[in-house]
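Peer 1: Please put together the full structure from these sequences, using the hints given.
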Amino acid sequence: MEIRVNPTRMELNRLKTRLTMARRGHKLLKDKRDELIRQFVILVRENKELREQTEKALSGAFARFLLARAAMPIESLENALMYPTRRLSLKVTRENIMSVYAPKFEWEETAVTEEGGIYPYGFVDTSAELDSSIETISRVMSQLMELAEVEKATQLLAVEIEKTRRRVNALEYVLIPQMEETIRYITMKLEENERGALVRLMKIKDVVRASR
Amino acid sequence: MSTYKIAVIGDKDSILGFKTLGIDTFPVADAGEGLAVLRRLSGQSYGVIFVTEELAEELKDPLEELNRRFLPAVVLIPNSRGALGIGMQNIKQKVEKAIGADILFRKEG
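Which chain is which? The protein sequence lines are A and B, in order.
Going from the first sequence to this note's numbering is simple: count from 1 and add 6.
Going from the second sequence to this note's numbering is simple: count from 1 and add 41.
Hints were generated in silico from the structure; no laboratory data involved.
There may be inaccurate statements among the hints.
As the list claims (entries may be wrong) - In silico DSS-like cross-links for lysine-lysine, where the CA-CA straight-line distance does not exceed 27 Å: (1) B/Lys138 x A/Lys54; (2) B/Lys138 x A/Lys38; (3) B/Lys46 x A/Lys110; (4) B/Lys101 x A/Lys110; (5) B/Lys53 x A/Lys62; (6) A/Lys62 x B/Lys101; (7) B/Lys46 x A/Lys169; (8) A/Lys62 x B/Lys46; (9) A/Lys169 x B/Lys101; (10) A/Lys169 x B/Lys133; (11) B/Lys101 x A/Lys211; (12) A/Lys169 x B/Lys53; (13) B/Lys133 x A/Lys36; (14) A/Lys36 x B/Lys101; (15) B/Lys46 x A/Lys38; (16) A/Lys33 x B/Lys138; (17) A/Lys33 x B/Lys101.
Peer 2: Okay, here's the thing in structure tokens:
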């Protein structure tokens, strides 16, 4: 399919500039896509590993938490966990990965209690499973934050890669072939006109010569 | 630079342990409640929201929308019934979407 245009020299020139522009854009976008994919692969590998680790740790912690819940009356469990011992403050900065902005988390935990322990309760009426469950969760926290960061970055990158690939394909398979086709059409039309003009001149010359 | 908060949404049994760490916990019983909480939180200054996989399965579309935004980062966590593999599945889908082929899990499958 060609673009419908007037077959004129001006149009031809204009199309030729557009074509070189499109080719350059195509090359740039292709480079961008390749680099994005490279970054994405690195991050997604990390993502997978982190998720495996945290999932394992957290599942264990939750299983023990369930045991603790079974061993203790629910009221005393809730009482034990009523007050947080930590205060988390999260700071977010932006990280630029190939002009994709991904959040980078910086977090800080401050102890609320004086002793600074992670357990908000005394050890008298709680079960040991609860202790180990809380301990694991608090240990896993930094991994979880890292996971959040990496996962967000890969999500955003995936979206960007898809977008870039669409653009590359649109240029490569639609816009550039279309323009090439149209340029061919115009050149052919112009040559045809030229030939037509030449033939006309020769004919006129013949007529003039015969009438003399 | 402002500070952000961290939240966890899921069934009560699973998320109670997070409370002691200073994370805001939002126990929900079903998906409808979860959606309401999620909507509310996404409008506030939460930087990271942890959601249990069980709940996330019911809230696919709203979560997908959040995934395209800069913040908050939604992270799926297993709950007390163990990991369902949805978080992993999501990674796999991401890879397929971005690259067009599964390069991470190919050896296992």
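Peer 1: Which of the numbered hints above does this structure break?
Peer 2: 7, 11, 12, 14, 15, 17
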